[in-house]
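Engineer: Using the sequences and the hints, build the whole thing.
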Amino acid sequence: MASRVLWASRAASYLRISTFNRAFSTVLKDLKYNDTHEWVKVDGDSATVGITDHAQDHLGDVVYVELPEVGSTVAQGANFGAVESVKATSDIISPVSGEIVEVNDELSNSPGLVNASPYENGWIIKVKLNDAAELDSLMDSDKYTKFCEEEDAKH
Amino acid sequence: MHLPITPFRTKKTTNKHQPRSNKYISSPFFTPALSLSLNSHSHSRSPHSHTQTMRGGGLLLSVTRRLSRHFATDSAPLKKTPLYDFHVANGGKMVPFAGWSMPIQYADSIMDSTVNCRANGGLFDVAHMCGLSLYGRDSVPFLETLVIADLAGLKPGTGSLTVFTNENGGAIDDSVVTKVKDDHIYLVVNAGCRDKDLAHIGAHLESFKKKGGDVSWHIHDERALLALQGPLAAPTLQFLTKDDLSTMYFGEFKMLDINGFACYLTRTGYTGEDGFEISVPAENAVDLAKAILEKSEGKVRLTGLGARDSLRLEAGLCLYGNDMEQHITPVEAGLSWAIGKRRKAEGGFLGAQVILKQLEEGPKIRRVGFFSQGPPARSHSEIADASGEKIGEVTSGGFSPCLKKNIAMGYVKSGLHKPGTEAKILVRGKPYDAVVTKMPFVPTKYYKPPK
Chain X
1 MASRVLWASR AASYLRISTF NRAFSTVLKD LKYNDTHEWV KVDGDSATVG
51 ITDHAQDHLG DVVYVELPEV GSTVAQGANF GAVESVKATS DIISPVSGEI
101 VEVNDELSNS PGLVNASPYE NGWIIKVKLN DAAELDSLMD SDKYTKFCEE
151 EDAKH
Chain G
1001 MHLPITPFRT KKTTNKHQPR SNKYISSPFF TPALSLSLNS HSHSRSPHSH
1051 TQTMRGGGLL LSVTRRLSRH FATDSAPLKK TPLYDFHVAN GGKMVPFAGW
1101 SMPIQYADSI MDSTVNCRAN GGLFDVAHMC GLSLYGRDSV PFLETLVIAD
1151 LAGLKPGTGS LTVFTNENGG AIDDSVVTKV KDDHIYLVVN AGCRDKDLAH
1201 IGAHLESFKK KGGDVSWHIH DERALLALQG PLAAPTLQFL TKDDLSTMYF
1251 GEFKMLDING FACYLTRTGY TGEDGFEISV PAENAVDLAK AILEKSEGKV
1301 RLTGLGARDS LRLEAGLCLY GNDMEQHITP VEAGLSWAIG KRRKAEGGFL
1351 GAQVILKQLE EGPKIRRVGF FSQGPPARSH SEIADASGEK IGEVTSGGFS
1401 PCLKKNIAMG YVKSGLHKPG TEAKILVRGK PYDAVVTKMP FVPTKYYKPP
1451 K
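Protein chains in written order, with this note's numbering: chain X, 1 to 155; chain G, 1001 to 1451.
Hints were generated in silico from the structure; no laboratory data involved. The beta carbon of each residue, even a glycine, is placed where N, CA and C say it ideally should be. One or more hints might be untrue.
Claimed, not checked - Straight-line distance between alpha carbons at most 27 Å, and here's what the computed DSS-like set of lysine-lysine pairs gives: (1) G:Lys1080 <-> X:Lys154; (2) G:Lys1418 <-> G:Lys1404; (3) G:Lys1093 <-> X:Lys146; (4) X:Lys154 <-> G:Lys1093; (5) G:Lys1404 <-> G:Lys1364; (6) G:Lys1390 <-> G:Lys1413; (7) G:Lys1418 <-> X:Lys126; (8) G:Lys1079 <-> X:Lys154.
Unchecked claim - Chain G regions said to be covered by chain X (calculated; three or more residues, Cβ under 8 Å): (9) 1298 to 1310; (10) 1366 to 1376; (11) 1389 to 1401.
Structural biologist: Written out as structure tokens, the structure reads:
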């Protein structure tokens, strides 16, 4: 755990990420977050969606990811798939609405990518955005960091 | 997704949580009584239909629900075992379980913990379970009216898994029962069934005594139960006792000194590995736990309920409340072997007429194991045949950390229970291939005498 903190803080300035101590979870600055622990990375009208480091840490080892079909639509706030850990299943809730243009098929062979690389190789779907204004209702990295701290402190 | 941050009682207030389908209520496999008992927990859930937009519940909610159906969901404080502070100090993540605050895991993941138990060893706090003794000349005949075991035929110092039955032959609880001597029986029952079992045994004890029977009981609340399982269990324990453990075989019982404490030792467990359950005076429980961990030089790790559930599922063992319930008989559950031969001939236990009939005609449903594709099958997943017709229901399921595949246990119509039978398991409305498999999924390593 200590080495992870060291890595995190050393990498912080280079990668422009912020770290918070409680669970050594990383929160990336350029992403947006919803209150059910999914992240979205926007590039024009295209968005990539996954679950956060905080989420994968609490989930434990992911053993299966249920992926939606390419071409289907997602709506902000609706579930589009599921992540299974050894003991439990959790729905993935989309932070944005749009058409699914790509799903991460790698996750069928290596569901552990969600744990190892929640923001990079563990991405789940790519969406063509309907409505960029939806992003305004999401949290930025600071708000999300605080949100996680508050949620954890409550319990 | 909703995260396992909280004991589920705080999740009650959020309406983001919609529980899984209650379709099983109308299943031919389960009577209304079952659905009532499964829903009897004060965690207020009203049945919701399984819709496409169903949101998953908090993960911890799902975890505890799968482990047990017996939560304390009201504001009654959770009970703590003597090892509570020790768990917290060692990184235990505490969750409510059957009215107790228990460690679901420690710093290592459930997967690592499970694998470690089979590779090295695991030490489990099972002090929430209820140990009791029956004393008196009529202990054996008394208990035989309530369980399916042939207690009279047990060699003193040996025990077995047994089932407490009700008038319909259904299971009230499962238990490891040991005949210490002819006038002393020691048994351990499930934490979630404690109140039910003690009321049941107590009522029958009273009427038995009124008829002149010589039997009394004592509940061992002054003792704590620890489970030590895995290949290093015996070598580690041997450091702490002068008795020769190499001649103590699976199912055997001894009263002996361990680390200077007067313990009851049973060579049994809930993991399929060689191991022991150790009943130690409550005030010595922490010291004994520390001594065991130290002697193993860290190879035996504190192991929580999450791994315990994976281990027992891999070993094909029932979890009362999931795989066995009030309306399921030991015959249906595949535990006919636990009905003593003499008991099969004579009966004399509650529900005997139902059970003996099932032994003769065969039960209508049977408990089987499955390997399946896709997402892990979970309890209440429907099992269908190739044409899509419902043939059964999953009662326990998950991802096997040791086999790295999905395993599940459930009940199917007799006739479709043979290993190799292909079926479909529906997870979130989609069918996935499954095949009936012999259990245990992971070979057991019980320490048996050489042939």
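Engineer: Run every hint past the structure and note whether it holds.
Structural biologist: Now the hints, each set against the structure:
1. G:Lys1080 <-> X:Lys154: Within the cut-off at roughly 21 Å; holds.
2. G:Lys1418 <-> G:Lys1404: 23 Å, holds
3. G:Lys1093 <-> X:Lys146: 22 Å, holds
4. X:Lys154 <-> G:Lys1093: Holds, because 15 Å separates the two Cα atoms, which is no more than 27 Å.
5. G:Lys1404 <-> G:Lys1364: 32 Å, violated
6. G:Lys1390 <-> G:Lys1413: 9 Å, holds
7. G:Lys1418 <-> X:Lys126: Given pair lysine 1418 of chain G, lysine 126 of chain X is violated - Cα atoms ~44 Å apart, limit 27 Å.
8. G:Lys1079 <-> X:Lys154: Holds. Lysine 1079 of chain G to lysine 154 of chain X sits at ~21 Å (cutoff 27 Å).
9. 1298 to 1310: holds (count 3)
10. 1366 to 1376: The restraint on the stretch 1366 to 1376 of chain G holds, since 3 of its residues have a Cβ under 8 Å from chain X and three suffice.
11. 1389 to 1401: Satisfied; 3 residues make the cut.
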